[in-house]
Structure formats: structure tokens, C-alpha cells
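**Student:** Chains as they are written, first to last, in our numbering: chain B, 1 to 229; chain U, 230 to 486; chain R, 487 to 1123.
Heads up, a few of these hints could be off.
To be verified - Computed spacing ranges between beta-carbons, pair by pair:
#, chain 1, residue 1, chain 2, residue 2, range
1, U, V249, R, W1023, 30 to 38 Å
2, R, G626, B, Y195, 23 to 31 Å
3, B, A94, R, R850, 54 to 62 Å
4, U, N241, R, S845, 53 to 61 Å
5, U, K240, B, Y195, 49 to 57 Å
6, U, A422, R, S845, 20 to 28 Å
7, U, K240, R, P1109, 51 to 59 Å
8, U, K276, B, S99, 26 to 34 Å
9, R, P795, U, H319, 29 to 37 Å
10, R, K981, B, H107, 41 to 49 Å
11, R, E1072, U, A422, 33 to 41 Å
To be clear, the hints were calculated from the coordinates, so they are not data collected in a lab.
Keep in mind the model is a prediction, meaning the values are calculated, not measured.
Even for Gly, the Cβ is constructed at its ideal location relative to N, Cα and C.
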Amino acid sequence: MSAATNLPLAQLRFWDTTVGKKAVMAVTGFILFCFIVGHLLGNLQIYEPPEKINHYSELLKSMPSLLWGTRIILLVSVVLHIWASFALWLLQRAARPVSYVKKVNAHSTYASRTMMWSGPIILAFVIYHLLNFTFGTVHPGGPFDEHNVYNNVVTGFQFWPSSAFYIIAMIMLCYHLYHGLWSMFQSLGYSHPVYTPWIQRGAKIAAILIAAGYISIPVSVLAGFIKPV
Amino acid sequence: MKLILHVWRQKNAQDRGRMVRYEVPGVNEHMSFLEMLDVLNQGLIEKGEDPIAFDHDCREGICGMCGFMIDGKAHGGFKGTTVCQLHMRHFKDGDELYLEPWRAAAFPVVKDLVVDRSAFDRIIAAGGFISVPTGSAPDGNAIPVRKQDADLAMDAAACIGCGACVAACPNAAAALFVGAKISHLAHLPQGQAERNRRALSMVRQMNREGFANCTNIGECEAACPKQIKLEVIAQSNADYIRAAFRERPETVVSGVG
Amino acid sequence: MEMVSNAPTGPIEKSWETHKFGLKLVSPANKRKHNIIVVGTGLAGGSAAASLGELGYNVDCFCFQDSPRRAHSIAAQGGINAAKNYHNDGDSVYRLFYDTVKGGDFRSREANVYRLAQVSVNIIDQCVAQGVPFAREYGGLLDNRSFGGAQVSRTFYARGQTGQQLLLGAYQALERQVGLGTVKMYPRTEMLDLIVIDGRARGIVTRSLCDGKLSVHFGDAVVLATGGYGNVFYLSTNAKGSNATAIWRAYKRGALFANPCYTQIHPTCIPHSGDYQSKLTLMSESLRNDGRIWVPKKAGDKRPPASIPEHERDYYLERRYPSFGNLVPRDIASRAAKAVCDEGRGVGETGLGVYLDFSDALKRLGRHKLDERYGNLFEMYERITGENPYEVPMRIFPATHYTMGGLWVDYNLMSTVPGLFVLGEANFSDHGANRLGASALMQGLADGYFIIPYTIGNYLASTKHEKYSEDVPAAKEAVANVNIITKKLLNANGKRTVDSYHRELGKILWEYCGMSRNAAGLKKAAGMIAELREDFWRNVRVLGSNEEFNQSLEKAGRVADFFELGELMCADALHRNESCGAHFREEYQTPEGEALRDDANYSYVAAWESQGARRPASLNKEPLVFHYVKPSQRSYK
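Build the full structure now, drawing on both the sequences and the hints.
**Tutor:** Structural data, given as C-alpha cells:
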């Protein structure tokens, strides 16, 4: 193999290198993280009287350009995030064709090594979640009323397998964010002996808080704290 | 003490290879790991069996030639220690150890525990240098370097190119090796002129060699006998990203002569 | 054999400049027509190959390691000297020259040493520009320290890894040329013979270590930078693979071997611990800047060091050499350690060791400062011995480290075979009978960066170079010669392993041709080696075949050469009836036990010429004349 200096530099593009793809994953991951936070804040209105969250839903629908703009950005992010990770996953498999008889992981966290598991589970969940609550095509808990978000949520979660899937997915999301939230800084080139450990701690706390916030909803429904109206 | 070793034996690159069990009696705690293998090999030769091939040279932890997996850990997994500097006092009688070569598509096995790491040389040839023809240098003190920068450059420059980072990484990524060189030269004023070009060329060559991506999990940092920090990978990521956005198509200027 | 040193005469300050101007040049357009072979990729070989590639020559470069970055220059810890006088402490080119000639005990060529001191300053500039991360002060300028026997601070360093950083600088320059296509690199390839056609070096025969394939490579000049032969002692601080095969086979093809008995024993190594020991580890000499060396006053005192009170300790270097104290040159420190151990005052299990104590330095400087200076060395010591130098004094003992002898070269670094150039530790020049600390890196880089690029051009420009094919008889003969050796080794099919022979050879040399020598011992050793060599060829066991990755076969060929070299070392040591530098003959010492030189009879370079396998080598002498530094008794008292 000849060295690269002979080749015109522009022959390969940003996306074509592993570092480029990881940067794309970091940026799209950050966008998705912002959504997750916003979505959680919206969802927590479930603890308010039903009118509040239903009104919020109407408000979003009254601004179709904002709503669809966001949805398109999210969709593009999801596609890029998955595309990059899948391409990298193929590279990883090719990079070690013969595996070790014995291999010990000395340092890395469980969360960091299972990103390729937590990711697809979350994806599967997102699809189900959209069918369950956004489109209402799959809503085994009861009738779906697109003007009554509050009831949709409660009835949806009263169907316990749905809640169980939701909780598992949120635990996966927690793992995913646990590593992904600080990893994006590293992928984009920021690391500091003092601040990075704080970013890592912050990532863990944020991951746990977000998952706890989401999980509290089906738990509250199943426990009967939140009832349909 | 007596040890039981399971060693990867592979005659050459074409051979499929297999684990073979050996018993090594009479191991002294002051021996280095490689001296223990020397003793085993002397016995094998006396019995008329092919001795185990392993790379080694300086045996003082600096040349980077030695290295294999001991029980699933690169260089045996002791902090800041290459396998030639690992002493048998860390093991106990009856221990059963698995010795395997570095595993990566970019590091094909030559024989037994010996692998071909020339991919690293090609990555350096792609851009891991400062272009300064012999004799064209200004006085050493003409360009002051902040002590902190010199120290950070030295931290990264300590890399011995042994390949443990690749071996320990679940993705067989060479990000720590590449990051160390990019970070070393990026911290020095002398390295600025070629900084963008270096990051682009080295990362691209790394990919061409078949190393996969970094997933920021830190196995390499834990395995590195020179304790190179994950920070160097962030540095190379930053340099690559910045360089990629500033990159222009190369133009040919004709008529210079 | 005619030996012309080609050393310039006239004022020494101008001699290199004048000489350079007199050298012929190869025009830029013609450079790419010349093929140059460089064997070895340490500081000398790596820097030479990179510089010659930059000039536009076609370079084929060889190393036996898997990468050119691994050569043993990488293990040098302490630093590199340069007469920069950045510290305003009175250093100058002349002082570095003076110190080196004196340190070499007046057995080196003055003009060479002066040139070395001159280019030392360019080396630092070059390396800084390459990005070698030398230690800096807070002001951003380069830091220096004083080192091994120097009274000025002229040593530049990069933590305890100076050799590594300098080598990586040269390696990166070399890889740059590989990328540009001017240098073709052949790693895991060993040179096994020199091809001499019409009296000139025209190529080499190599063996690929991966598959045993023999190849012929032609060149208009051959540059050997293959390092020293310290591994002849089996236990040394050299890398396991370091060997003398390239220079030895060149010697057999007509190059003269100079001063083989000058082998340096380094005073600060970790003592050895058992028969399985495969090598010795050096602890940087810089440790002597702050550590104090002592042994108990009473012989056989086995108390732990902490319970030996101050007045029962003998700080023997400070006592015997009050002005240099613990910083006396290497040969003196080593012999002094041997002397106290011979008196039965050695420490540690084997009684072959002395203490290097940092407790005073710890009180004076504090742990932080010591960590900053020696942290990595202390860690390394603890990793190997399991003892913490902050708690227990280090134990050290001398070990073979560097060989001042090597192939004879003239001022242009060309051997007696025209077209064969020898650089770095592989040649004999510059260090005389003893090398000062931090000078090996300096010499390697001086030869590679700043001398060979000029002198090789002169040779190429003044000679005609025909092209040859592999059918040329000399090439066929060289390949056949390599095949014969390989077959002999593989077919011996005896009982003993190569390592066991090597270890035995090492013991003989260490005992009789090591730190101190005498006539009777040297004669005895020569006989023992000859006997062992005969036995080796009959009874060695090398398994496997040539056509595979075969580490035993590699070693066997190298050990075979070490036997012959060992015999030559003994002959050289025996003929030199004086003590000088690292060569200490017990018969020739002052009443105080210091080396006694004989300038009237031995002020010459002893260059040995091979007379074939059956006859002893013949001696040629290059007289040494000192116009500037007048020979005097070295005194470090």
C-alpha cells in the first residue's frame, strides 16, 4: 500500500473517514438529545390537569412549519446517526476478523460497549412509540383520540406490555446517553483533564434524570396515580 | 512456581493456527515474562519442538517491539508496563495463562505471537513528521516553546508504537497511535505549518489500512504502556475536523521554472 | 594494508570547512542515478538515509527489526551533548573537543573529534526543528543539565527518553522520504554479506527474516550503521537483536576492524539476578548527579542499608575523587565498583552491586523535584526489582554498554574498502578508548545528518559506477557463502541451543576481557573461545528450515560471528600492553590503581585485517598525533 502523500488530499471527503462519521454522529446525537429533553419537559405536563397537555399538543399542531421543520431535522438526524453507526459497525467487524480466545475489558463501561445494542433497541422503540402515540395506528390500550393526548397516554400505558417495552427502552436510552453524552465532546475534539471528568459526571446524571423522568409516567399510570378522564 | 500456558501457534500467515498447551516448571519470580518464555523455548528446542516465536528487542520497555495478549489483556494489563518489563512476581504458582497475538486485520500474523505492524509506518509516512530538510534549521532557541506545550508534546511523543492500543480496542482502532503523533506535533510551534495536512493525511491513511473507528471507550488508554491519554484522540479529532473544513482542492501552479 | 586517514591538516578550527570545500559534488540531476544502500536505522542510519533521500539519491534502507523506529538508539536515556553554551558557563566547541579527547584517554583522532564538537550545535537545531520535544524552561528556552563527567551544562534531554525522541525525529524524516519515494525501506531484513567488485563495495546480500529469501542489492556505495557489538558479552544493555554480523562480514571482505578491545562498561545498571537473565537494564547516568554511591566499610556486612550508620559507609567515589566525586567518567566509576566488590564489600544477594542512595537528595530537593528529574527511572527500577528507590537505596552494578571499537574509517567515514562507509557506533572513530556520557547520540546524528551527505558525494563523484546484474561472480559467490553458513548451522543437528553457547561465550569474555584484563587471562580466554567455537559448529541445534520465520537461525548466525569477534577482542587486548580508557590491563597501573597509559608505544589505532579463517588477523597501525590537546594523565581527583 502506498502512502497517502501521493494522493490529492481532496479525493476523500469528510464523511469518508471514521473521524468524520463520528463527528456526524456527535452532532446528530446532540440534536436528538435536545429533542429528548424538550419532549420530556412536554411530557411531564401529564402531571398537570389534562387540559394543560392537550392544549400544549394543540399549540404544537397550530404551528405546522415549526412542527414539520423539527420533524424533518429529527428525521435527518436519525437517518445520519444510524447510517454512520451502521457504516462504522461494518468497519469494526472487518477490522478484527479473528477474535480473541480470551479478552478482558480493563477500563470501559458496560454502557460504552453496548451502544450498538442500545441503539437498535431504541430505534425499534421509537417506531413503536410513533405508531402508538403519534399516529395511533397501534394503540392496544384503548381507543385513540388525536385531540385527547392525555387519555391516549394513560390508556396506552395501562396496557402493561406497552409500558414494559417503554421502560426497557428508556433504560437503554439511559445507557446510550450515559456514554453518548460525554463521548460527543470527545468526537468533536474537546477533552480537558479537569473539565472532561465533570462532563462525564454530568452526562451520567443527565442520563439517569432523563430516563427517570420518562419512566415515571408509565409507572404512575400503572400505579394508578394518573387516571383517564 | 509452575505455570500453564495456552499459546497461539501459527506457522505462517497462511496457517489457520490453534492454541497449544504448555507447562513451564521452575519459574522464578525475578524473571521477566519474556525470560520465562526463553526458558520454555530452550526446553522446546532440547525436545526438538519448534520454539514459540515472539517479537522483542530492547527488553527495557522502550523499543515497542514486544507485545502480545496475556489472558485477554494487552501486555498483561499492568499499569505502564510492556511485556518485557513484566516480572513473574505478579503471577502465582499454578496460574493458567492465555497468550495470543495482537488481533487486527491491519496487523496480520507473521508467526505465533509475531504480527506485522508496518501499517503504523505507513501512517507516519503519510504525514507524521515535520518537513525540515537537514541543515535548514534555525537556532534551537530561536523559537521559544511554552514549557506546558513542550511537556504535553512529550507526553504524546512517548508512544512506542507497540500496537497495544489496537489490540485492546474492541474495534481494532488505531486512534490512540494516530492521536499521539498528531497531538505531539500539534503542540509545538514547529508543527503548525503542516498541521492541517498532517491530520487529514494520517487519518485517511489510518482508514486505508483497515483500522476501524474510535468509540471513545478508553480501552486503549488503559492498555497503553506509556499511559498516553485519551485526550490525544480528542486533539486529533479536532485537528481533523478543522482541517477538513478548511481543505481546498489542490491546484497545480505551472510555469515556475 | 594502506590506511590513509585523510584527516585535514592546518588550523583545526577551519579544517572541516576547508575539507568540505575540497569535496567533489554530485550534480542534482545526477543524484537520482545513484543507488545507495544504508544498513541500520538507528540514529546514524536513519538520519543518513533520510538526509541522502532528501538530497535526491535513491536509497535502499534495511533493518532487522519490524520497523525502522525500533533501533537500539531508542533506549538512550540521558541526553545529547552540544556546545551551545546556552548557560553561559564557559562551554565552547573547543571545550567539548577537549573533554572528548581527554575522556577518550587520548586514543582518538583529533580532527574527527573537533568536527564532532563543531556539528554538535547543528544537531540540536535540526532536532528542535523536527519537533523533538526537548525539555524547556518556563521562559520557553531549551533546558540543559550536566552529565557524566562534564563540568558544564551542555546536555540536552527529553525526560529520560532522549534517545527515543531523537530516533523518532530521524525515523519521521526517514518515513517522509519513504512516502516521497526516495527511500525504499526493507524491514525484517538482515544483511549477511558484502559484495565487493574490483575492490569496491558494490552491494549486499540480505535475508528476509519472514521467509528466508536471499536477495542481492546493488549500490554505488554501501553505508553500514549497524551499531556496536556489546552483545558479544551476552549480557549487556544492548537490545537482544543488536549484533555484529554486518560489520563482521564486511571485515571478512577486507574492511579493517579497529580497537576491538575498547568496550565500555557502564557503571549504573541494575545488577543481574539469575542464570535465566537475558539482558541488563541501564539506569541513566544522570542518576549520579543526585545519587550518592556507597558500600559498607566492612567486608561481608549483610545488614540492610538503613541500619548501616553513616560512619560505617564508604562513599568511595567521593573519597577517592574529591573534585568529581560521583560524577567521574564511566570507566573509572565501573572499575571502582568492581574493586569494592572484589574486596567483598558488594551488596545484594550476589555481592555484585553497590548502593546508589537518594536519601540526601530527597532531603535537599524534595520528592517533587526528584520525581520530575528521575520519576520514570525510579518507576522502571521498581518495576524490575520490586523495590522503591525512595525507601531503599538502588543497587547498581556495571554492565557492558557501548563499544568504542568498530570498523576503521578515514575522516570521510569510509572504510578501507572503497565505497563502504561506516557510521555511528559501528565505526571506531571519535571516542577513543572511552566514551563520555551523552556523546553517542551526538556522534550517530553527526555522522548521519552532517558528515556522510558531504563525504559520500565526493566518493560518488570521483568514481565510475558500472551497473551489474546478479550473475556477476562476486554476487554469486557472496550468496553461495551465505548459503553455506546457513546449511552448516541447520545441518549441525547437535544438542545445545544457540543461547547456551552465547551465554558461555559471554561469561568467558566478561571474566577475562571485561572490566580488567591480564595477559594470562586473555590467552586463556582466546583458547577457550576457539574451543567453544569448534564445539558450536559441531554441536549446535538449530531447528526448522531457512525458508521460514526462524529466530533460532537468525541468532545462530550472529553468535557464530561473535565467537570470531571475541577472539579478535582478546588478541587486541593482549597486544595493547598499556591501560587506557575502558581497556584496563592489570599489569599496567599506577600505585593508586589508576590506568597507566604508554603513549610512547601505543599511541595508535590498532586496525586488524582479516587473513581468512585459518590465519590470525594482521595488525595495522594508524599513529595518533596530538597537536592541540597534549596527552596527560587523566585525573579526576
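**Student:** Which numbered hints turn out to be false for this structure?
**Tutor:** Hints 6 and 11 contradicted; others consistent.
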